[in-house]
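There are 2 protein chains.
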Amino acid sequence: MDAIDIIVTKRDGGELSAAQIDWVIDVYARGGPNGSAVADEQMAALSMAILWRGMTRAEVSRWTEAMLRSGERLDFSDLPAPTTDKHSTGGVGDKITLPLTPAVAACGAAVPQLSGRGLGHTGGTLDKLESIPGWRAELTPAEMRRCLTEAGGVVCAAGAGLAPADRRLYALRDVTGTVESLPLIASSIMSKKLAEGTGSLVLDVKVGSGAFMKDAASARELARTMVDIGTDNGVRTVALLTAMDTPLGHEVGNALEVAESVRVLRGGGPDDVVELTVALAREMLAAAGLNGAKDPADALKDGSAMDVWRRMIRAQGGDPDAPLPVARERMEIPAPATGRLTRLDAYAAGVAARRLGAGRARKEDPVAPGAGVSLHAKPGDEVHAGRPLFTLHADDPARLERAVEVLADAYEIDGPQERLPLVIDRVTA
Amino acid sequence: MDAIDIIVTKRDGGELSAAQIDWVIDVYARGGPNGSAVADEQMAALSMAILWRGMTRAEVSRWTEAMLRSGERLDFSDLPAPTTDKHSTGGVGDKITLPLTPAVAACGAAVPQLSGRGLGHTGGTLDKLESIPGWRAELTPAEMRRCLTEAGGVVCAAGAGLAPADRRLYALRDVTGTVESLPLIASSIMSKKLAEGTGSLVLDVKVGSGAFMKDAASARELARTMVDIGTDNGVRTVALLTAMDTPLGHEVGNALEVAESVRVLRGGGPDDVVELTVALAREMLAAAGLNGAKDPADALKDGSAMDVWRRMIRAQGGDPDAPLPVARERMEIPAPATGRLTRLDAYAAGVAARRLGAGRARKEDPVAPGAGVSLHAKPGDEVHAGRPLFTLHADDPARLERAVEVLADAYEIDGPQERLPLVIDRVTA
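Sequence order for the protein chains is W and A.
Under this note's numbering, read the first sequence as residues 1 to 429, first letter to last.
Under this note's numbering, read the second sequence as residues 1 to 429, first letter to last.
These are computed hints drawn from the structure, not numbers from a lab.
Any given hint might turn out to be false.
Repeated chains share a single entry, so a pair holds when one copy, or any two copies, can fit it.
Under the rule of at most 20 Å between Cα atoms (straight-line distance), these lysine to any residue pairs were calculated in the SDA-like manner [to be verified]:
#1 Lys214 with Ile189
#2 Lys363 with Asp5
#3 Lys363 with Gly268
#4 Lys301 with Ala217
#5 Lys363 with Ile4
#6 Lys214 with Asp12
#7 Lys301 with Ala160
#8 Lys301 with Gly386
#9 Lys214 with Ile413
#10 Lys214 with Ala160
#11 Lys294 with Gly159
#12 Lys301 with Asp215
#13 Lys301 with Gly268
All values reported here derive from a predicted model rather than from experimental measurement.
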């Protein structure tokens with residue numbers, strides 16, 4: 001085996017063999033930057049060749065399997081409840097994991113969920129949960145199992161032992177302009193999700209300005225690739241394509257989204273958040289084989305999802321009754337006219353929230369738990385001149401102006417109505 | 001400036017600006033593997049993106065200029081004679097530099113020629129000259145100038161100070177499957193040639209089985225790119241496309257080719273070597289502006305080229321009268337039939353010579369000065385059953401059998417006649 005042969009095969013449009021894929025991932029993952037037989041510059045050239053030439057289904061499934069095998073794979077198959085999980089490709093105001101995990105657990109499945117932190121205009125589930133006093137994201141596999149057993153669900157950070165090849169490759173792609181390869185994106189996501197040991201998986205592939213995929217065709221291709229990878233690796237996998245042209249719910253920001261999620265768990269909350277939570281929960285229960293289970297819409301109404309939520313937060317050191325952090329500064333932006341709000345751009349809202357301190361420009365940056373944007377109207381709602389359209393929350397008053405700027409062009413009143421349906425499509429094996 | 005932006009621009013099919021090119025080459029050349037702001041993995045990804053997307057004329061000319069500027073550029077413009085040089089893209093039996101340099105110098109031009117060593121099936125000019133006892137390839141710029149002044153021509157190795165960016169980039173491309181990019185090949189060759197300080201340049205772009213470019217269309221594209229680069233960088237540049245379907249001359253191997261070159265310098269030698277030497281010499285003299293100069297065909301006949309040759313060899317420590325090394329073992333291969341030789345494959349002859357010890361599989365390998373293949377017939381010649389077709393020369397008898405093998409399919413008697421003309425095309429600014 002030789003790294004150059006493998007690069008040249010892909011560069012010239014050929015298909016990599018299973019043996020070539022296993023070798024290149026194994027040697028790359030095990031080697032250090034100098035001792036390795038597959039150097040960073042070789043993996044960079046290969047990644048660019050993959051971005052150029054693509055991968056067949058057999059290649060991308062094997063590539064994912066090889067990354068998965070580079071580390072440990074958790075196993076919860078001995079638990080009494082079947083396991084299921086959801087992964088979202090990321091959006092603005094996407095707090096769905098927070099009500100979803102307890103709702104699904106309340107209906108009888110176990111939900112082992114490894115989540116990430118936010119970067120750029122999208123928020124991260126761990127950042128949101130970390131605004132709850134005492135809650136911690138870093139768990140050992142044994143702690144993860146205990147939370148899962150005691151509470152029925154766990155949301156935590158992926159340990160360094162899971163898919164280490166992906167960790168190294170992602171850092172390399174990040175600095176070599178090779179992030180945007182669909183098969184590499186799909187295998188990166190799926191290697192981590194498969195490593196967490198879930199028996200079934202529902203993917204929430206976002207489409208629109210606030211999503212990584214701007215149009216339904218590319219989102220469908222990503223969904224298809226991930227569903228194929230999951231299926232080929234023995235995990236029942238389904239994907240929903242869902243709208244990310246406008247933020248989900250009325251709150252964008254860490255503690256703001258936790259508070260909104262708690263409203264959903266109390267049986268209230270915004271319609272879109274409830275609708276998407278229930279749709280994804282039903283898919284997860286079906287994927288886990290729990291077809292006669294309780295309906296998750298009922299679990300949100302009858303308090304059973306809330307009970308799981310409180311157990312989950314406590315199991316990870318959090319106090320579900322503690323007051324959430326509030327930003328020091330606040331500013332209201334009034335609607336300039338009366339009429340119907342026809343557009344409220346997800347990307348701009350995400351950028352505004354980041355500028356307010358809710359997100360990060362770079363991985364090392366801290367986030368402000370209380371910062372964010374409250375949206376007093378959503379597309380389709382009536383707005384009134386002079387009444388609040390947005391409330392901005394920040395610790396530093398200088399940040400408010402920088403968010404105002406980006407929100408000025410983010411919405412339209414009485415413009416053309418072009419909204420995506422909340423659930424656009426469904427992709428199955 | 002940011003390496004990722006530059007990679008992404010090229011990846012997405014855009015044109016790099018002069019400022020981007022200057023920055024990426026400068027920072028890459030100056031930085032060490034760790035301290036650099038352009039890491040090896042970033043240059044590898046960029047090289048693959050260039051291989052994929054290509055480069056415009058403006059890009060490749062600027063890229064070459066930036067590599068040239070990464071080191072020193074020799075300057076011989078103060079010499080009384082105009083300078084001119086030739087570069088060949090490499091072939092089998094290609095000893096043309098040996099008679100050509102003194103022939104051109106004998107007609108009034110100064111020829112500063114930086115040459116390389118052989119790799120794979122092609123020979124290297126320095127390897128050939130090093131078979132002359134005492135001759136040395138490594139000269140300082142001051143020694144180079146002295147040889148040029150005293151003898152009129154100099155053939156030596158490129159010093160480490162010339163185009164160091166190319167040196168680092170070529171080593172990277174070699175291990176990342178990115179050698180085969182036409183603009184990167186062209187700029188690598190041209191950055192070194194422009195650094196040697198020649199005022200004009202003639203390119204011998206080989207076409208055929210023994211050449212890097214197998215067909216005339218790709219050779220023409222390479223020639224066009226190199227002529228454009230030279231022109232854009234202020235050096236009058238012309239290219240000839242010449243045949244490399246069969247070896248040049250009757251000898252393939254280091255000392256064997258020196259001996260054949262000396263026969264040409266004595267006014268004899270094979271027709272094809274003489275014809276190509278004269279054609280390239282006339283182009284070089286015209287490019288140097290010496291249009292009323294002596295004809296190089298006369299310089300070969302009247303002994304004036306031989307005089308320059310003897311001065312050149314002596315100026316670099318060699319003894320032009322010393323006997324050349326002879327291989328310890330010899331084997332004759334007879335023609336199996338009587339008829340007309342219609343094919344004698346350049347690539348196979350090159351591989352045979354390498355197996356006999358005349359060339360290298362890897363850069364570190366030594367070469368055997370006396371090893372090689374003598375060809376007793378060339379395509380078009382009559383051969384006679386039982387009379388010698390090839391003589392093999394090697395120090396190690398085991399090598400003989402490995403060369404016999406590859407030569408068995410290398411020729412044809414009374415087959416279809418499909419020969420390329422020696423000079424196929426001419427490409428000018």
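Hints versus structure:
1. Lys214 with Ile189: The answer is within: 18 Å in one copy meets 20 Å, while 43 Å across copies does not.
2. Lys363 with Asp5: between (35 Å within a copy, 18 Å between copies)
3. Lys363 with Gly268: Neither, since 34 Å and 73 Å both go past 20 Å.
4. Lys301 with Ala217: Neither. Shortest intra-copy (36 Å) and inter-copy (73 Å) distances fail the 20 Å Cα cut-off.
5. Lys363 with Ile4: between (32 Å within a copy, 17 Å between copies)
6. Lys214 with Asp12: between (29 Å within a copy, 17 Å between copies)
7. Lys301 with Ala160: neither (38 Å within a copy, 76 Å between copies)
8. Lys301 with Gly386: Answer is neither; intra-copy 35 Å and inter-copy 100 Å both fail.
9. Lys214 with Ile413: Cα proximity of Lys214 and Ile413: none, with 23 Å in one copy and 64 Å across.
10. Lys214 with Ala160: neither (31 Å within a copy, 50 Å between copies)
11. Lys294 with Gly159: neither (32 Å within a copy, 78 Å between copies)
12. Lys301 with Asp215: For Lys301 and Asp215, the Cα distance exceeds 20 Å both inside one copy (34 Å) and across copies (74 Å).
13. Lys301 with Gly268: So Lys301 and Gly268 pass the 20 Å test inside one copy only (8 Å; across, 102 Å).
Hint compliance for this structure: hints 3, 4, 7, 8, 9, 10, 11 and 12 are broken, all remaining hints hold.
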